[in-house]
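**Q** One-letter residues, chain by chain:
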Amino acid sequence: MLVAQEDEAAGQGWCGPSGRYVPHWGYTRMIGYYIDLALHSLRRSKVLTVLMILAIAVGIGASMTTLTIMHLLSGDPLRGRSGQIFYPQVEPDPGSKAREPHDVMDYQSAMDLWSAHRADRQALVINSRVKLLAPDTRLPPLMLSMLSTTSDFFTMFEVPIRFGRSWTAEDDAAHARVAVISANLNDRLFGGQNSVGLTLRLKDSDVRIVGVLAPWRPSPLFYDVRGGRFSGGDTASFYDKPEGVITPFTTALEINDGNFQPFTCWSNPVTPGHLQNASCVWVALWVQLGDATRVASYRRFLDGYVAQQQSLGRITRADNTRLRSLPEWLDFNGVVPGDVKLQTSLAFAFLAICVCNVVGLLLAKFLRRSGEIGLRRALGATRRAVFIQCLVEAGVIGGLGGLGGLFLTLFGLWLVRQQPVPYADFVHLDVSMFLATFLISIGASLLAGLLPAARASLVEPALQLKVL
Amino acid sequence: MADLQIQPVLAALRKHRIATIVIALEIALACAVLCNACFLIAGRVQAMHVQSGVDEQALGTIKLEGFDPEQANDLDARVMAGLRAVAGVQSVSAVGAVPFGEASVIAGVHLDAAGQQFGGVVDFYVTGPGAANAMGIRLLSGRMPAPDEYMSVTQFVPKEAPVLITQVLAKHFWPDENPLGKTIWSMDTHFRVIGVVDHLTVPQPGSGEEKDADWSIVVPAMPGPQFAGKYLLRANPDDLPRVMRDARTAALKIAPDAVLDLDQSRTIGELREKFFLNDRVMTGLLIAVIVALLGTTALGIVGLASFWVAQRRRQIGVRRALGATRKDVLRYFQIENFLIVTIGIVLGMALAYGINLALMNIYELPRLPAWYLPIGAMALWVLGQLAVLAPAMRAAAVPPVVAMRSS
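Protein sequences, first through last, are from chains X and A. Quick note: the first sequence uses our numbering, first residue 1, plus one each step. Quick note: the second sequence uses our numbering, first residue 469, plus one each step.
Check before you lean on any hint, since a few could be wrong.
Stated by the list, open to error - Subject to a maximum C-alpha distance of 25 Å in a straight line, what follows is the list of computed SDA-like cross-link-like pairs (lysine to any residue):
#: 1; chain 1: A; residue 1: K483; chain 2: X; residue 2: L451
#: 2; chain 1: X; residue 1: K241; chain 2: X; residue 2: P77
#: 3; chain 1: X; residue 1: K46; chain 2: A; residue 2: G674
#: 4; chain 1: A; residue 1: K721; chain 2: X; residue 2: D136
#: 5; chain 1: A; residue 1: K483; chain 2: X; residue 2: L48
As the list claims (entries may be wrong) - Examples of chain A residues lying across from chain X (beta carbon under 8 Å, computed):
#: 6; residue: V501
#: 7; residue: M655
#: 8; residue: V727
#: 9; residue: D729
#: 10; residue: L745
#: 11; residue: I755
#: 12; residue: V757
#: 13; residue: T764
#: 14; residue: T765
Treat the hints as calculated values from the structure; they're not laboratory data. Backbone N, C-alpha and C define an ideal beta-carbon position, used for all residues, glycine too.
Let the hints inform the model, and build the full structure from the sequences given.
**A** In structure tokens:
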């Protein structure tokens with residue numbers, strides 16, 4: 001019954017006996033008709049259909065969950081401005097035989113380069129553990145990580161500020177007792193109120209809060225990234241939350257003296273935790289360079305500085321400098337955790353298996369309908385029409401599988417949010433990944449449908465009629 | 469009888485070339501992923517079962533921070549006295565690190581004064597009086613540090629201290645020599661080996677530059693400004709959770725100005741659990757992938773075999789009418805499945821090695837041991853036979869009379 005209807009329509013419309021296009025049936029109408037046919041055909045063998053949709057859905061769910069995480073973790077932490085941010089490196093260790101310079105700099109080199117002010121903007125970055133007490137609250141003291149930097153940090157990285165302001169270059173020079181705190185810490189200490197003007201006790205010194213950040217969650221925490229190549233792929237900590245309290249570099253050296261940890265040393269510091277005069281590397285310098293000329297001239301400046309230091313006898317390896325852009329630096333450190341890469345490859349291998357599965361099932365499904373296809377062919381449907389109709393059916397499976405895959409992806413991401421990983425709090429499905437879910441799903445099912453559809457379109461009209 | 473059937477099976481497969489290749493590819497992929505996933509699971513499980521070398525069930529640690537070095541001696545005295553007063557505590561000693569806690573002193577060591585012969589990057593356990601005994605590390609040769617060998621820490625470690633090293637490290641440093649009395653150089657000073665212990669894992673096994681979990685060195689040291697705030701508690705294992713609760717409360721009371729690190733102030737068992745949480749999650753995930761993968765592959769086999777059975781009902785009927793037994797028909801489909809799975813396995817083994825090579829690049833994983841392949845192959849053969857059983861039995865049930873009916 002249905003067979004007759006279908007081929008009547010196809011015969012009258014899309015393909016005449018000669019196989020030419022008949023204009024009164026629009027292309028979209030034809031596709032709409034094929035979708036109707038596909039849905040009907042899918043309803044006819046429910047078990048097989050459900051199996052195929054399930055296979056696509058599970059494969060898509062697994063791959064989109066992992067792909068979304070990859071996408072989030074390998075994104076640009078500065079939304080398109082990373083290319084302007086650079087990370088100079090020099091090799092101050094006289095005994096170093098390594099091919100790469102140390103990941104951070106010694107105090108002298110970093111300070112010299114910073115105070116030359118040869119970039120558009122520049123910021124020194126160090127961090128240390130500090131004891132914090134908020135005298136205006138009755139909360140017990142707590143230990144937290146303190147970021148210490150220079151005033152350009154906030155403008156260079158476009159750090160959003162909710163209350164107050166960041167400190168100025170004058171504050172840097174004056175070793176001002178000021179601090180900016182994160183939205184998180186402000187919530188924890190002051191219940192989210194405007195705390196500008198209040199005092200915090202950092203170790204033994206009082207500092208005045210001049211600014212409170214709006215929620216800010218760069219991922220990865222790019223300005224702290226270092227040592228990735230020594231981590232064996234275990235780089236999840238690069239996605240930690242930003243530090244709670246931020247103080248001027250010069251201030252921190254005074255108020256938290258004795259609590260600075262080196263990245264590494266080639267000779268023991270004289271005073272533990274005091275590294276300004278030590279043979280240790282511990283200070284990062286970030287610079288902003290607006291265009292290629294600025295980059296080239298900064299490169300020359302960096303080489304010139306090292307050559308000058310070499311003539312002074314402080315640096316022995318003048319050839320070992322680097323000026324990587326932020327994306328290059330993240331890449332060099334392999335910021336995406338090895339486990340995440342592994343999960344993604346596993347998920348896509350699984351998707352490939354699911355696709356193979358659907359190929360087999362579709363092949364079975366289409367060939368089971370050989371008789372019907374043969375009849376259509378005998379009534380004048382072209383190979384192309386049969387091929388497209390079969391592909392549409394595969395596409396419909398992909399669409400339905402994508403819908404199922406979307407729910408499974410949301411479930412998968414929910415599961416990831418329950419895991420003890422530093423990036424759990426910002427795992428979500430964004431618009432691009434939402435669209436990718438359907439694109440990949442339909443793409444995968446069309447790919448799966450290609451072979452079976454081609455096979456089905458080869459069905460000979462006469463042969464099948466004989467069988468019928 | 470079975471051998472005679474291979475010819476017709478091959479002929480049929482040749483006719484269904486595409487379907488055969490697709491299902492074989494699916495099995496190949498499944499085989500490759502299965503072998504590598506099992507290998508990864510084995511690696512994680514092995515990592516999780518690392519021998520700490522200490523009496524984990526009897527040990528806990530308390531960590532205080534946020535005090536000045538000048539207050540260290542006073543704080544140490546108060547805290548140790550206070551912790552010893554907690555009911556059930558057998559001993560309290562100062563430590564710089566504990567297994568599965570935070571990393572402490574990590575440094576490269578040389579085996580000669582000139583710094584020519586690099587030994588590797590190792591972890592130093594700075595331990596106060598009594599700590600090595602409290603940990604329960606087992607001495608294989610040499611001796612424990614004498615009471616007068618505990619000196620104060622100048623920079624990270626005391627100068628020229630006598631040390632205990634693990635047997636793994638001893639073998640690595642001096643493969644054919646007696647390690648006792650040997651000297652190692654590190655951090656601008658040198659250390660003399662006085663004893664060898666059977667095991668002591670680095671605090672964070674598998675996450676640093678140490679090439680083996682046992683690359684630890686025990687350095688005796690006297691608590692002081694540069695070595696304070698971390699204490700090792702020993703108690704009866706049954707009592708330990710309660711003792712640790714009381715100890716945390718006591719520490720808060722004794723040192724209200726310092727900050728108690730609640731994440732680190734745990735039993736070694738809890739620290740271990742937390743340290744390997746990610747590995748456990750990953751293992752669970754890998755197992756889930758394997759189950760899903762085998763399930764999907766089995767469904768694919770069931771689907772295709774069912775289709776073939778339905779398609780060949782007439783032929784089956786004819787064969788039955790011509791005298792083939794039910795068993796022959798059953799065998800036919802089983803052999804067909806066996807051949808397809810075999811093709812898949814052969815492809816899969818090559819693929820498995822390819823994936824392993826890629827993983828070796830990303831993870832510094834060892835090579836996939838060859839014995840994983842036959843096990844993977846066996847698993848897929850069994851899976852294939854189980855999956856094809858139902859459709860094959862349906863085929864065997866086709867009565868000869870079908871041959872006479874037209875479709």
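**Q** Does L48 (chain X) sit within 25 Å of K483 (chain A), going by the straight-line distance between their CA atoms?
**A** Between K483 (chain A) and L48 (chain X) the Cα gap is close to 23 Å, so the pair holds against 25 Å.
**Q** Would you check the hint for K46 (chain X) and G674 (chain A), treating anything up to 25 Å between C-alpha atoms as holding?
**A** 50 Å, violated
**Q** Given the hinted pair K241 (chain X) and P77 (chain X), is their Cα-Cα distance within 25 Å?
**A** Status holds; Cα separation ~13 Å.
**Q** Using Cβ atoms only, decide whether L745 (chain A) comes closer than 8 Å to chain X, and label the hint accordingly.
**A** 5 Å, holds
**Q** Mind checking the CB of V501 (chain A) against every CB in chain X and telling me if the closest is under 8 Å?
**A** 5 Å, holds
**Q** Can the restraint linking K483 (chain A) and L451 (chain X) be considered satisfied, given a maximum Cα separation of 25 Å?
**A** 15 Å, holds
**Q** Classify the hint on D729 (chain A) as holds or violated, based on whether any CB of chain X lies nearer than 8 Å to its CB.
**A** Holds, because the Cβ-Cβ distance from D729 (chain A) to chain X comes to roughly 7 Å (cut-off 8 Å).
**Q** Would the hint on M655 (chain A) stand, with a C-beta cut-off of 8 Å toward chain X?
**A** With a minimum Cβ separation of about 6 Å from chain X (threshold 8 Å), the hint on M655 (chain A) holds.
**Q** Holds or violated: is the Cβ of I755 (chain A) closer than 8 Å to a Cβ in chain X?
**A** 12 Å, violated
**Q** Does the CB of T764 (chain A) sit less than 8 Å away from some CB of chain X?
**A** 6 Å, holds
**Q** Can you verify the interface hint for V727 (chain A): is its Cβ closer than 8 Å to any Cβ in chain X?
**A** 5 Å, holds
**Q** With a cut-off of 8 Å on the beta carbons, see whether V757 (chain A) makes it to chain X.
**A** With Cβ-Cβ at 5 Å, under 8 Å, it holds.
In the structure shown, a violation is registered for the earlier hints numbered 3 and 11, in ascending order.
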